[in-house]
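**Q** Using the sequences and the accompanying hints, generate a full structural model.
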Amino acid sequence: MDKERVRTLLLRYNLTDFETKVLMRTFDIPKGKTVSYKQLAASCGRPRAYRAVGNIMHKNPLPLIIPCHRVVASGRKIGGYAYGTRMKKLLLKSEGATA
DNA sequence: CCCGATTCCCCGC
DNA sequence: GCGGGGAATCGGG
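In my numbering, the protein residues as written are 1 to 99.
Quick caveat, the hints were computed from the structure, so don't treat them as lab data. Each statement offered as a hint is correct.
With a straight-line cut-off of 25 Å between C-alpha atoms, the simulated SDA-like cross-links for lysine to any residue are:
id	residue 1	residue 2
1	Lys21	Pro67
2	Lys38	Thr98
3	Lys3	Met24
4	Lys33	Thr98
5	Lys31	Lys89
**A** So this is what it looks like as structure tokens:
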């Protein structure tokens, strides 16, 4: 699954530029690494849109190829997860996420 | 207009 | 220094 392929799929959903950027960034998150909603929003040019980022993750159109479980809240805290925070913790632990 | 998988600032102790 | 409450900010129904 290459980045360009993902971009094409995202465009099919008629999403906003911001949403597309956020999803691409999420797709780019390296295995074993975690990123906060704020970091993600900032990387997309909207440092104050962390709420929108959470909303996007929840609406995640491609949950099978976008690792939304690597997106956490800031300060060592776990964020939310459409399939349950318990599952999220388990997935992160399985990847050996340290950040 | 209201809500949400958040975050930051200001008080009070 | 720590914990709680409220406001700010973006997209969607």
